[in-house]
Amino acid sequence: MSILHTVNKSPFERSNLDSCLKHANQGDSVLLLEDAVVAAIAGTAFAARLTDAAKMVKLCVLGADLKARGLDPAKVIDGVAVVDYAAFVDMAAANNAVHAWL
Amino acid sequence: MEEDFEGGIVKKFMYVNRKAPYGTVYALEVLEMVLISAAFDQDVHVAFLDDGIYQIKKGQDTKELGHKNFSPTYRALEGYDIEKLYVEQESLDERGLTEADLLVPVEVISRAEMAKLMGEMDVILTA
Amino acid sequence: MKFGILVNEGPYNHQASDSAYQFAKAALEKGHEIFRVFFYYDGVLNATKHSEPPSDDRNVIKNWQKLAEDHKVDLVVCVAAGLRRGIVESSLAPGFRISGLGQLIESGIQCDRMVTFGD
Numbered sequence: 001m002s003i004l005h006t007v008n009k010s011p012f013e014r015s016n017l018d019s020c021l022k023h024a025n026q027g028d029s030v031l032l033l034e035d036a037v038v039a040a041i042a043g044t045a046f047a048a049r050l051t052d053a054a055k056m057v058k059l060c061v062l063g064a065d066l067k068a069r070g071l072d073p074a075k076v077i078d079g080v081a082v083v084d085y086a087a088f089v090d091m092a093a094a095n096n097a098v099h100a101w102l
Numbered sequence: 001m002e003e004d005f006e007g008g009i010v011k012k013f014m015y016v017n018r019k020a021p022y023g024t025v026y027a028l029e030v031l032e033m034v035l036i037s038a039a040f041d042q043d044v045h046v047a048f049l050d051d052g053i054y055q056i057k058k059g060q061d062t063k064e065l066g067h068k069n070f071s072p073t074y075r076a077l078e079g080y081d082i083e084k085l086y087v088e089q090e091s092l093d094e095r096g097l098t099e100a101d102l103l104v105p106v107e108v109i110s111r112a113e114m115a116k117l118m119g120e121m122d123v124i125l126t127a
Numbered sequence: 001m002k003f004g005i006l007v008n009e010g011p012y013n014h015q016a017s018d019s020a021y022q023f024a025k026a027a028l029e030k031g032h033e034i035f036r037v038f039f040y041y042d043g044v045l046n047a048t049k050h051s052e053p054p055s056d057d058r059n060v061i062k063n064w065q066k067l068a069e070d071h072k073v074d075l076v077v078c079v080a081a082g083l084r085r086g087i088v089e090s091s092l093a094p095g096f097r098i099s100g101l102g103q104l105i106e107s108g109i110q111c112d113r114m115v116t117f118g119d
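Residue numbers (this note's numbering), protein chains in the order written: chain A, 1 to 102; chain B, 1 to 127; chain C, 1 to 119.
Accuracy of the hints is not assured; some may be wrong.
[Claimed, not checked] Listed below are the simulated DSSO-like cross-link pairs for lysine-lysine, each with C-alpha atoms no more than 30 Å apart in a straight line: (1) B:Lys58 - A:Lys22; (2) B:Lys63 - A:Lys22; (3) A:Lys55 - A:Lys75.
Keep in mind that the hints were calculated from the coordinates and are not lab data.
So here's chain A without its partners, still in its complex pose:
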């Protein structure tokens, strides 16, 4: 059993991502979308936390939301995969449940 967690808020604004990472189990997936994509970029105050998390869960970020915010998909943290909506669908299908951290 594994979960796809989705997070859509910036960790600089809300605790959703923090709480999600504290509740994700080994082998789960976490998808950052909407405003949460800012957490995926290297060099932010949150980057070390995410790098750490990438050892335990599969981390992904929605490319469309990065680009919309002027963030370069090439500058995401190592271990974070840039995905599209089709891959989002694949991940929802591949895990047993989807948990939206709102």
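Keeping the supplied structure of chain A fixed, place chains B and C upon it in accordance with the hints.
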């Protein structure tokens, strides 16, 4: 009837509450969702973590707000056979609360246990 | 695979409805079924026929309508949440219908996955 209609499927549902009441409508409308789900004979779990634990804080008085105080409804859940209420210990600790501050009987579990429980669910609904 | 979608927010304050729409479109393109999209909380505002966004912006309501037309997606607005917010039968854009919260629970039971989009 429900069983026949739904083909006898029983899934593990979890309603995750992470937001305080009154500031937004989510707590109230999640509660309405939980009540409706009682009619479907599913395995219902209601989780309170982060600010969600304020939803079941004792002594809520909304008179001055003009809001309806819906907190007594949590105590009525048992009457609908919704008895699996979970509260996360760490969330209580972070907010300086204890189980004695809660208005309904719950099972207090650790964050690790909450994470494990979430991993066992078929459907997770949040707001 | 059979997907159920829950939309918690209205069409223009939050990106939730847009993200849900993009997800639904991608799922259909991959040959999956969208069993139902359920609109709850302020999400019921996605069903209004009175929305007229500026012509250079996307039309969130029309996007959903087109999805319903092209793929027979069931767009359900919660009756109780709708009443609170003034969304009733006569406010509905074509393609949407009003029903009870039970339709959301049924979606959870019938679908292989429930995916929620909100704030």
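- Item | Hint numbers contradicted by this structure | 2
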